[in-house]
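Given these sequences and hints, build the entire structure.
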Amino acid sequence: MLENNRALEDDLLLLSRTAQEAGRIAMRHFGQTLKVWIKTGNSPVCEADLAVDAFLKHRLLSTRPDYGWVSEETSDERAIQSFHRFFIVDPIDGTRGFLEGKIEWCISIAIVENGHPIVGVLECPVKNEHYLAQKGKPALLNGNVIQVSFPLIRKKPVISCCSSMIRKLPRTFVDCVTLKTDIPSLAYRLALLSRGCLDAVFIHAGCHDWDIAAADIILKQTGGIIVGLEEQSVLYLRSPFCHDFLIAGRNQNIKNMLNIVCKANLG
1 MLENNRALED DLLLLSRTAQ EAGRIAMRHF GQTLKVWIKT GNSPVCEADL
51 AVDAFLKHRL LSTRPDYGWV SEETSDERAI QSFHRFFIVD PIDGTRGFLE
101 GKIEWCISIA IVENGHPIVG VLECPVKNEH YLAQKGKPAL LNGNVIQVSF
151 PLIRKKPVIS CCSSMIRKLP RTFVDCVTLK TDIPSLAYRL ALLSRGCLDA
201 VFIHAGCHDW DIAAADIILK QTGGIIVGLE EQSVLYLRSP FCHDFLIAGR
251 NQNIKNMLNI VCKANLG
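The numbering of the sequence shown is the working numbering, which starts it at 1 and goes up by one.
It is possible that some hints are incorrect.
Said to hold, decoys possible - Heads up, simulated DSS-like pairs for lysine-lysine below, C-alpha to C-alpha not over 27 Å straight-line: (1) 220 - 57; (2) 102 - 180; (3) 168 - 135; (4) 135 - 263; (5) 155 - 57; (6) 39 - 155; (7) 102 - 127.
As the list claims (entries may be wrong) - Computed Cβ-Cβ distance ranges for the label pairs, DEER-style: (8) 40 - 137: 18 to 28 Å; (9) 62 - 143: 23 to 33 Å; (10) 78 - 8: 36 to 46 Å.
Think of the hints as simulated: they come from the structure by calculation, not from any bench.
Built from N, CA and C at the ideal position, the CB exists for glycine as well.
Take a look at the structure:
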């Protein structure tokens with residue numbers, strides 16, 4: 001295995017600059033008529049996804065040839081066991097929304113070591129939002145520390161989930177929360193959670209490493225957490241890079257949410 005001791009600050013700077021440039025590439029395609037293909041699982045991929053992915057792969061691996069590569073769109077031709085750190089990339093998280101002209105999509109890049117993200121960047125060019133985080137340091141939004149005062153005082157907690165989950169949730173629960181189902185990018189939902197704009201995110205089974213890795217470290221550095229139904233933390237780089245049902249929230253309310261989710265059989 002290739003050991004790597006580069007400073008996290010250097011990796012964060014690389015990801016930040018690269019993500020911003022990738023955002024400019026994506027914006028050249030945004031709002032245009034694009035070629036679209038349907039992948040296994042009925043999810044779309046468009047020429048913007050491929051253009052951003054090609055740029056990211058070339059830039060990041062030419063700069064860090066001793067890092068592995070895991071992307072939604074392309075594989076790493078090299079042996080996975082040879083690397084200590086890995087880039088985990090979603091060139092456009094929220095492709096459906098991107099194609100529909102919605103603004104809540106982002107470029108998601110993380111570096112994972114020993115199964116956990118240590119650096120993460122989300123570039124949201126239409127929103128003009130740039131999220132950064134590294135292990136052990138405060139998360140940043142556009143250069144400013146993300147600060148959330150707790151407990152948040154709301155008449156109703158705001159929870160993001162898929163519309164298919166709503167019919168399974170208890171009526172008593174649905175009536176006392178505000179459910180958001182219209183944010184196409186999962187990574188961006190988690191970014192909103194990190195800022196305190198949401199109180200929880202229910203993540204359907206079948207999400208992948210590239211959907212959540214960068215947002216995971218951003219959320220973690222603001223006091224949030226992503227866990228499975230048994231409160232286990234998420235481990236990355238386990239082929240096929242896919243996860244069961246997950247829930248993201250704040251440490252102080254995660255158990256209550258898990259009780260509701262388990263009873264509703266959302267997992």
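To see whether the hints hold, each was checked on the structure:
1. Proximity of residue 220 to residue 57 is assessed by CA-CA distance (about 26 Å); at most 27 Å being required, the pair is judged to hold.
2. The straight-line distance between the Cα atoms of residue 102 and residue 180 is roughly 15 Å, inside the 27 Å bound, and the hint therefore holds.
3. For the suggested pair residue 168 and residue 135, the alpha carbons sit about 36 Å apart, so the restraint of at most 27 Å is broken.
4. Only pairs whose Cα atoms come within 27 Å are accepted, and residue 135 paired with residue 263 is rejected, the gap being roughly 34 Å.
5. Annotation: proposed proximity of residue 155 to residue 57 is violated, straight-line Cα distance about 45 Å (limit 27 Å).
6. Taking the CA atoms of residue 39 and residue 155, the gap is near 41 Å; set against the 27 Å cutoff, the hint is violated.
7. Annotation: proposed proximity of residue 102 to residue 127 holds, straight-line Cα distance about 10 Å (limit 27 Å).
8. Remark: the range hint 18 to 28 Å for residue 40 to residue 137 is contradicted by a beta-carbon distance near 38 Å.
9. Remark: the range hint 23 to 33 Å for residue 62 to residue 143 is upheld by a beta-carbon distance near 27 Å.
10. In this structure the supplied range 36 to 46 Å is violated for residue 78 paired with residue 8, their Cβ-Cβ distance being about 23 Å.
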